[in-house]
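Asks: The residues making up each chain are set out below.
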Amino acid sequence: MTLDILAAAVTYAAAFAAAWWAGHHMLRVFQGERTFLHPVLRPVERGIYRITGIDEEHEQGWKGYVGAMLLVSVLSLLLTYLILRLQGALPLNPENLPGVPPALAFNTAVSFTSNTNWQNYAGETTMSYLSQMLGLTFHQFLSAATGIALAVAVIRAVARRSATTLGNFYVDVVRVTLYVLIPVAAAAAVILIASGGIQNLSAATPVTTLEGVRQIISQGPVAAMEAIKELGTNGGGFFNANSAHPFENPTGLTNSLEIVLILMIPFGLAITFGRWVGNIKQGFALLAAMVVILVAGFGFAAWQEQTGNPAISSTEVSQVASATQAGGNMEGKEARFGPIQSALFNTAATGTSTGAVDSASDSYTPLGGLAPMLLIQLGEITPGGVGSGLYGMIVFAIVAVFLAGLMVGRTPEYLGKKIEARDVKFAALAILILPVSILVPTAISVLVPAGQAGPLNPGAHGFSEILYAFSSTTGNNGSAFAGLSGNSLYYNSLLALSMWLGRFIFVIPVMALAGSLVRKKVVPIGPGTFPTDSPLFVALLIGTIIIVGALTFFPALALGPILEQLQLHGGHLAAFYPSQGG
Amino acid sequence: MTVAASTGSARTRRRRGRSSLLDPQILLPAVPQSFGKLDPRWMVRNPVMFVVEIGAVITSWAFISGFWSGGNHGQESFVGQVCLWLWFTVLFANFAEAVAEGRGRAQAASLRRTRSDTVARRLVGGLSGREERVPAPALRRGDIVVCEAGDTIPSDGTIVEGIASVDESAITGESAPVIREAGGDRSAVTGGTRVLSDRIVVEITQNPGETFLDRIIGLVESSARKKTPNEIALNILLASLTIIFIVAVVSLKPFAAYANASGFVTIPVLVALLVCLIPTTIGGLLSAIGIAGIDRLLQKNVLAMSGRAVEAAGDVDVLLLDKTGTITFGNRQASEFIPAPGVEMQHLVRAADLASVADETPEGRSIVALARRYGVPEDPEIASWTFVPFSANTRMSGVDREGAAIRKGAGEAIAMWCSDNASRELPDAVRDQVEAIARGGGTPLVVAQDRSVLGVIHLKDIVKPGMRERFADLRRMGLRTVMITGDNPLTARAIAEEAGVDDFLAEATPENKLELIRREQTGGRLVAMTGDGTNDAPALAQADVGVAMQSGTQAAKEAGNMVDLDSDPTKLIEIVETGKQMLITRGALTTFSVANDVAKYFAIIPALFSTGAVGALRALNILQLQSPESAVLSAVIFNALIIVALIPLALRGVKYRAVGAAALLRRNLMIYALGGVIIPFPGIKIVDLIITHLHLVS
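Chains as they are written, first to last, in our numbering: chain Y, 1 to 582; chain H, 1001 to 1698.
These are calculated hints, taken from the structure and not from any lab test. Careful: at least some of the hints might be erroneous.
Stated by the list, open to error - Looking from chain Y toward chain H, a few residues come up when the C-beta cut is under 10 Å (computed): (1) Leu3; (2) Ser445; (3) Leu540.
Unchecked claim - Mimicking DSSO-like on lysine-lysine, the simulated pairs with C-alpha atoms at most 27 Å apart in a straight line are: (4) H:Lys1227 to H:Lys1300; (5) H:Lys1227 to Y:Lys521; (6) H:Lys1655 to Y:Lys418; (7) H:Lys1685 to Y:Lys418; (8) H:Lys1300 to H:Lys1464; (9) Y:Lys418 to H:Lys1464; (10) Y:Lys521 to H:Lys1226.
Claimed, not checked - Listed below are several chain Y residues computed to face chain H (Cβ distance under 8 Å; list not exhaustive): (11) Phe141; (12) Arg275; (13) Asn279; (14) Gly332; (15) Ala404; (16) Leu406; (17) Met407; (18) Ala443; (19) Ile547.
Ideal placement from N, C-alpha and C gives every residue a C-beta, glycine not left out.
Please put together the full structure from these sequences, using the hints given.
Replies: See below:
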């Protein structure tokens, strides 16, 4: 167990190191400076502009930027929808899989366009290799690049003074894809392959196991997808088992590598932000708020999982960690990871909007499962998805700054930008979208028969499954309390709506806020200015995030995981897990 | 040199309408007003409280309809009480607003009493025209009126002829009369003030309804205040929090149904939960805080033309302070006696002392004090001298005795007195001294006895005690102070260093003052300044907070966005503090309000789900409240009472401390965030114990 905690610490440390590099690298890339990759890639970049007719020097205002983003997203969504529908007639389909049904294809297209990667299907039995590569992996690059570009636009809004433009969406997307996502993902894929991951276009291999059972071993271009799945905080796995599958995540070491990939850009963008605004401590402050909540979530989940199931504690069975067993709640966990590494991966994947899983969230103890769910419900900002985490965090920072400003008796300002009614309006609107998009469809789902048909389990656990699904889709996370059967017309549509709201509607007030911020003069910093790079501000920011999140979701969480945990303590296990297989 | 023109005698300040927080004259009329404000057209201006009112209506409907249909399931008493307390919540908030307005109204009423039915003596046909008597409200801009000793000045205007001492206590509360004269910066007179001596001819500058007095009354009475920018921003935040909680509470109904736990999740209980969660504490007190901010300034005798101006005052980065009267004593003090050639020092000092013993101005007193330091004891013959006070015409004061006279005054005035209108020249040596002192930023006062010049008293600026500390405080608050002075840079630097200001503008002219303000504003800073002269008007208008002195000209008063009735430029510091206080109070109560929700959840959620399939949530009842009904009702009652409990804080404002932003925030977070989390726990528990003890609920 000590070793597990040490491994967790080393993984976080490695994530910081990677983020430090990535943050500075992205700064150079977006400020148009040369990097070590430029000799090779700059001509490619120029070529792309020449072919597409993008004017590298032209900058867009917030409306232009959002417009370009929506245009690209909608077009690429349609492309994916068509590929999925028509995959039966398209090449690279060794298993001869038929076209994906309309509702599922639509849900999946929205899911990958919005960086959610909610999967109402099992990859190996639904998607052809072409669909996986061109329909889905393509989006894992593009949606990640989109998120990062939006964050960079928001950074520019804070850093620039009395300006009107936020950059060029097309240029930002091209640059981040070319200089950041592709090189890092390629390097990571090589390591994954070296560690036992696969990358091929072969048909599934039938084998006979030692027990003499015939088994189909799925194949495919897994490593390439796996790398960008984590790096772009996408989370949509090649296989249904996601990162619990040995071809996606072969060893304990790749488990750590994938966590590092997940965290490096969300953490790194905070560094980029700090450097860009000319005060690295401002970046550290946001990073600190992200890390404190993330690590607290990990610690809580790990503690709950290692403690195990209270209903089992009252029996003869030992759940204590020892030389011969990992101990704790091992249901739904891979033996090569155990409770703590699973919790580390799971909280990293839910604290970011990745949603990859190497263990079954559905089988966590109620409170162990509450931690990841709450990390999503806090708005996917700790550290959140690539880009979306940073701009979400900046929205909360603005609310925190507003409160702080009032409490020190000064019109609040963030990095010298006065926060006025208009800015508060956009920030409040953005924050408002999330609970509405989570709670309203959850409420509808528990009311209507089509919704009630979804959960696998009755009672509090089934409620958690529905609540988690809409939290996950709104937060563009994509992980699931796997019990929910989401592949129905009802859930495909409603979940797609949540994903759309959480990504594309949320970003509109955020970018309007950016449009307002970029125009502002910068007020010089004085002793009356509340410092936003101090531990006090970090504490206030954390408080704001927790209070808003907790107050919004406490009643719902009380009827879900909290109730379930209390019932477990009361020995209600049998009554509430009638269909739980293992 | 108008040495004694300033009304520097012992100030007896009579502040208008100062009322204690618990003045029944304000509290009693506020009660019916709280009901009047239930009008939804009024309530809708305040989204949070409007939601509470709608909730109260829904609950009332549930109560009444349940009463007929028996749908309250034996909970009539409980539902009725919840309903009652929801209405109280709205009424308490309205009461807070009514009390805040009432204080302003009380002040307006006392102002109105001073506006008697004045009859004006209007001149028809120019300055030499005939006089006619018209009621004051009939006066129009451009009319010419005459006022003599004893007359009340009928309307605001500018003196076009004459000089008079005027009692402005009706406006300023300052009992000492002030001198008003045609021409220059002291030519403005205000309607409602009284001429004490002499005769003036005044050109009316305001139409009825636009006068200063009208504006004060309108301002303190107007309930349709425009919201300030920060108030709007906060309102938006509160409204969106309210929407979030509406979603959280409304969705709870289906969630509970899904969990087979609808038993206690009734409409009245959900409304109660919603009202407890939405930020009613700040929502209910928000407008009271704003009104109280303007009101607090008014109690300091500062008239803010808008709440926006008060709020801007809290944001000010740079204070431009006039040296004279603000940083130094406006009335300079004697520092040195310089005898004329051939005159004994003792002679000069004795004469100066005699001329000043009965002079109650600070200058006079400072001369006496200096004489003592020069070793001259009080003249035993003082009783035989008669004091000749300063007059605006002679510009001298002194003493007379049979056949003898001593005068002190400005060089020119003494020269006139000595030379009997002949040469008007001082002796060369004395004139040189006078000029040298003036060049050094000091004020020369010439002393003469029996029409021969004895010497010069050097009056100079003395930095007010405590200014250094005050500026250090300001620096900690994040404000930079810039001293504005007409002095040459050398003198200015010396005084600036002595006073501890951050910067100074020497040889200030209206132009370079304006330029300085613009420069600071370009850098994104907010500038506050005071001024009284017409030439200050452009700078006052340009500054973000321009405080005009009541003693100043009409133009200055119209250019600024505040008027200081005491004409005390150090007020600027108090104004800034009041502005900050207003924001802090809002922030503190917002934080407190939201932090309260934690305890309310722990009271209500276990109460909602205490039986049946979800009964395990009883474990969250960490307060051990007696019953679900008692828990809900306790939370609602606590929520309503906390509004009342915080009315005094809202009206008085959270205390501002000049300790720097981080320390201030830490302190306020400890009190209002941490306190806000903790206080409701015992609070709700106590209410629970009381209402169950009284058997109000089971």
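Asks: Now, for every hint given, state plainly whether the structure supports it.
Replies: Now for the hints, and whether the structure bears them out:
no., hint, result
1, Leu3, "violated, 35 Å"
2, Ser445, "holds, 9 Å"
3, Leu540, "holds, 7 Å"
4, H:Lys1227 to H:Lys1300, "holds, 22 Å"
5, H:Lys1227 to Y:Lys521, "holds, 24 Å"
6, H:Lys1655 to Y:Lys418, "holds, 24 Å"
7, H:Lys1685 to Y:Lys418, "violated, 42 Å"
8, H:Lys1300 to H:Lys1464, "holds, 20 Å"
9, Y:Lys418 to H:Lys1464, "violated, 36 Å"
10, Y:Lys521 to H:Lys1226, "holds, 26 Å"
11, Phe141, "violated, 35 Å"
12, Arg275, "violated, 23 Å"
13, Asn279, "violated, 16 Å"
14, Gly332, "violated, 23 Å"
15, Ala404, "holds, 6 Å"
16, Leu406, "holds, 3 Å"
17, Met407, "holds, 4 Å"
18, Ala443, "holds, 4 Å"
19, Ile547, "holds, 6 Å"
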